[in-house]
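Chain by chain, the residues run as shown.
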Amino acid sequence: MPSGIFRIIETRIDTGQVIAAIEGPDAGAVALFVGNVRGEDQGRRVLRLEYDAYAPMAERVMAGIGEEIVSRFGDCRVAMVHRIGRLEVGETSVVVAVAAAHRSPALEACRYGIERLKAVVPIWKKQCFEEGEVWLENPIGSHEHEP
Amino acid sequence: MKVKLLFFASLSERLGRRCETREVPEGASAESVWRLLLAENPALSGGPRPAFARNAEQVDGRDVLEEGDEVAFLPPVGGG
Numbered sequence: 001m002p003s004g005i006f007r008i009i010e011t012r013i014d015t016g017q018v019i020a021a022i023e024g025p026d027a028g029a030v031a032l033f034v035g036n037v038r039g040e041d042q043g044r045r046v047l048r049l050e051y052d053a054y055a056p057m058a059e060r061v062m063a064g065i066g067e068e069i070v071s072r073f074g075d076c077r078v079a080m081v082h083r084i085g086r087l088e089v090g091e092t093s094v095v096v097a098v099a100a101a102h103r104s105p106a107l108e109a110c111r112y113g114i115e116r117l118k119a120v121v122p123i124w125k126k127q128c129f130e131e132g133e134v135w136l137e138n139p140i141g142s143h144e145h146e147p
Numbered sequence: 001m002k003v004k005l006l007f008f009a010s011l012s013e014r015l016g017r018r019c020e021t022r023e024v025p026e027g028a029s030a031e032s033v034w035r036l037l038l039a040e041n042p043a044l045s046g047g048p049r050p051a052f053a054r055n056a057e058q059v060d061g062r063d064v065l066e067e068g069d070e071v072a073f074l075p076p077v078g079g080g
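So the protein sequences, as listed, match chains A and B.
Each residue of the first sequence is one higher than the one before, starting from 1 at the first, in my numbering.
Each residue of the second sequence is one higher than the one before, starting from 1 at the first, in my numbering.
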């Protein structure tokens, strides 16, 4: 299987297109993670999110995660697409998809992919609440096990 | 020599700009440029300590910069 796609985009993510980019007759399983903007955080109403990224580096780091995935979970194709800019509640900010021969490596690799993305890819999120705005800037790796 | 500086997220808001081109002395590093920025911009104090990237590759900040380098100051990341 060749490797997949790793992109930072400023427009709506087409999840079907992401899946189509990695599925194929050799892949009996496609695991998908879709991250959406949640309208509430710790009891506060979220109005919208704004994402910033160092796009060329982010795409390169995501491709590196794709390589880590292949070395850990075996032959698979990986897609990681993150949207940046202003996102409204309910919109999709990130999609991670992994196509593999079987479900077990696909599911494990997908989980690994989103956790690594959140921990190491240069992307930043600003939460806009009714009472103000705040960038979420945690030390690297600190939310690898966020629930 | 001239280098390009890039700022993201809260750093770009605190500085009021996303990028600049700056003349720095020979032997400068990302770390030394950051110290200069801190000295010039009171708005940066109290903000996050950034990681550094040189030409879109994360570095430890002590690498000696070269003419035309793109130096990025990266607050702690948090996409998803």
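The hints are simulated quantities; they were obtained by calculation from the structure and are not laboratory data.
It cannot be assumed that every hint is accurate.
[Unchecked claim] Okay, the calculated bits of chain B under chain A, using three or more residues with CB under 8 Å as the criterion:
(1) 4-17
(2) 25-33
(3) 65-75
[As the list claims (entries may be wrong)] Some residues of chain A that are not near chain B, with every Cβ distance over 12 Å (derived):
(4) Gly39
(5) Glu40
(6) Arg45
(7) Ser71
(8) Val89
(9) Ala119
The beta carbon of each residue, even a glycine, is placed where N, CA and C say it ideally should be.
A quick look at each hint next to the structure:
no.: 1; hint: 4-17; verdict: holds (count 6)
no.: 2; hint: 25-33; verdict: violated (count 0)
no.: 3; hint: 65-75; verdict: holds (count 3)
no.: 4; hint: Gly39; verdict: 16 Å, holds
no.: 5; hint: Glu40; verdict: 16 Å, holds
no.: 6; hint: Arg45; verdict: 20 Å, holds
no.: 7; hint: Ser71; verdict: 20 Å, holds
no.: 8; hint: Val89; verdict: 16 Å, holds
no.: 9; hint: Ala119; verdict: 7 Å, violated
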